[in-house]
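Take a look at the letters that make up each chain.
Number of protein chains: 2
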Amino acid sequence: MALILVTNDDGVLSEGLMALFEAMKDVAEAVIVAPDRERSATSHSLTMHRPLRVTKIKEAIYAINGTPTDCVTLGIGKILGRKPDLVASGINKGGNLGDDITYSGTVSAAFEGTILGVPSFAISMLWDDGGFHFSTAAEFAKKIARAIVDKGLPRDTLLNVNVPNAESVAGVKFTKQGKRVYCNSIQETNDPWGKKHYWIGGGSPSWEEDAHTDFLAVEAGYISVTPLHLDLTNYDALKKIEKEWKEL
Amino acid sequence: MALILVTNDDGVLSEGLMALFEAMKDVAEAVIVAPDRERSATSHSLTMHRPLRVTKIKEAIYAINGTPTDCVTLGIGKILGRKPDLVASGINKGGNLGDDITYSGTVSAAFEGTILGVPSFAISMLWDDGGFHFSTAAEFAKKIARAIVDKGLPRDTLLNVNVPNAESVAGVKFTKQGKRVYCNSIQETNDPWGKKHYWIGGGSPSWEEDAHTDFLAVEAGYISVTPLHLDLTNYDALKKIEKEWKEL
Numbered sequence: 000m001a002l003i004l005v006t007n008d009d010g011v012l013s014e015g016l017m018a019l020f021e022a023m024k025d026v027a028e029a030v031i032v033a034p035d036r037e038r039s040a041t042s043h044s045l046t047m048h049r050p051l052r053v054t055k056i057k058e059a060i061y062a063i064n065g066t067p068t069d070c071v072t073l074g075i076g077k078i079l080g081r082k083p084d085l086v087a088s089g090i091n092k093g094g095n096l097g098d099d100i101t102y103s104g105t106v107s108a109a110f111e112g113t114i115l116g117v118p119s120f121a122i123s124m125l126w127d128d129g130g131f132h133f134s135t136a137a138e139f140a141k142k143i144a145r146a147i148v149d150k151g152l153p154r155d156t157l158l159n160v161n162v163p164n165a166e167s168v169a170g171v172k173f174t175k176q177g178k179r180v181y182c183n184s185i186q187e188t189n190d191p192w193g194k195k196h197y198w199i200g201g202g203s204p205s206w207e208e209d210a211h212t213d214f215l216a217v218e219a220g221y222i223s224v225t226p227l228h229l230d231l232t233n234y235d236a237l238k239k240i241e242k243e244w245k246e247l
Numbered sequence: 000m001a002l003i004l005v006t007n008d009d010g011v012l013s014e015g016l017m018a019l020f021e022a023m024k025d026v027a028e029a030v031i032v033a034p035d036r037e038r039s040a041t042s043h044s045l046t047m048h049r050p051l052r053v054t055k056i057k058e059a060i061y062a063i064n065g066t067p068t069d070c071v072t073l074g075i076g077k078i079l080g081r082k083p084d085l086v087a088s089g090i091n092k093g094g095n096l097g098d099d100i101t102y103s104g105t106v107s108a109a110f111e112g113t114i115l116g117v118p119s120f121a122i123s124m125l126w127d128d129g130g131f132h133f134s135t136a137a138e139f140a141k142k143i144a145r146a147i148v149d150k151g152l153p154r155d156t157l158l159n160v161n162v163p164n165a166e167s168v169a170g171v172k173f174t175k176q177g178k179r180v181y182c183n184s185i186q187e188t189n190d191p192w193g194k195k196h197y198w199i200g201g202g203s204p205s206w207e208e209d210a211h212t213d214f215l216a217v218e219a220g221y222i223s224v225t226p227l228h229l230d231l232t233n234y235d236a237l238k239k240i241e242k243e244w245k246e247l
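Chains as they are written, first to last, in numbering that gives the first Met the number 0: chain Z, 0 to 247; chain A, 0 to 247.
Calculated from the structure, these hints are not laboratory results.
Mixed in with the good hints, there may be bad ones.
Heads up, the list lumps identical chains together, so a pair's fine if it works in one copy or across two of them.
As the list claims (entries may be wrong) - Taking lysine-lysine and the BS3-like style, the derived pairs with C-alpha atoms no more than 30 Å apart in a straight line are:
#1 K142 - K245
#2 K178 - K238
#3 K55 - K172
#4 K24 - K82
#5 K24 - K242
#6 K239 - K55
Everything numeric in this text was worked out from a predicted model, so none of it was measured.
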């Protein structure tokens, strides 16, 4: 039977994780290895400066005092006992679109699975203060998990899935990564002793108007599926600078 | 006069940072905004769960209790007062090659600069227990900084530079990102109460034998310059799954 490692960056207590876990159990054997608390925006951080503790919460659910990347590394290397067939990361509370994916712990967990040779996907649901329709994402997670287990994925490639926060969707679009145009918003605040601090966050992202992006797909009510590559080389730029920067 | 933001992930006290700062001062006005302590393997983490403190160490040197990405965000958004012409990140103690770049705080700082529209490069020196020949990297940093300020960089593209740890180099090669083949090594250790913990790290990386990679260039004694792209979309895979995954 296929084995699925389920993780996230919102921590082991997250509703989104549990929704994904239940969905994955419909597809195959599923085991959670997730951070013991929220680790949002940890990106692809790997904890190397201290040892990590694995706590078995109950059958098939493990928590680690580390990052999503730590969880995938220890899950595959130590906890599962055999190489899983799939890494499923999410369901994240909040979309992971455009350039913002590089901050994302959810997406980075799927990156780590891919580096370790396991087909992987990340799944996120768009933010809404009113709550999350996790079942919409969970149903799609089953489909995509079955497709990956059946067909595999292209080499060194993971899928980044974003789901509109709604009871139903318009369909599925295969997309490219969009391009964000905002700067991170920075709020000034004082500590109790009156000293100025800065708090990064918030702000309203806006996006370049470019066809076929992840952003436009979810905005139009579609599920967005973007294949991402481990190889970040810009080959066009490589040709250009090889020719033009000879004097270096 | 051109303005250069200098940062790193080894922290504001690092020798490598000071070597890069001195080099950049030969090229333009340079300001350090760097983490107050070591933040290796923090990847593209952004601190959004707490406010950040900026400490002016002395003229043109600022420390932040956050990650390299925080430093670039606050440096550009708050500290410098005007948009810099270049972000220079390093000189890292240890190479940032192949898939490992996604863990790297050094490379992520250059990613963040690029996202914010500032041409950026990361520079790292290969690890050697015997110490670091920072002057080799610092001399090259001047050349590449001048080239970037003069010619600019292709859109959404940063340069990842790796320098052999030697007094002299064989030359410069423009390269693609190599592919790592090892798993992260995991060491088991006990806490003082006898409870098992896991420590990620160490291990001997090996690399796929593929021509024109960053890894092969530095192994042959060359400085490696790899152009990396913010867009991680795998366009070949996108075409393939668009055709083959219609039933989703």
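Which of the stated hints cannot be reconciled with the structure, identified by number in ascending sequence?
3, 6
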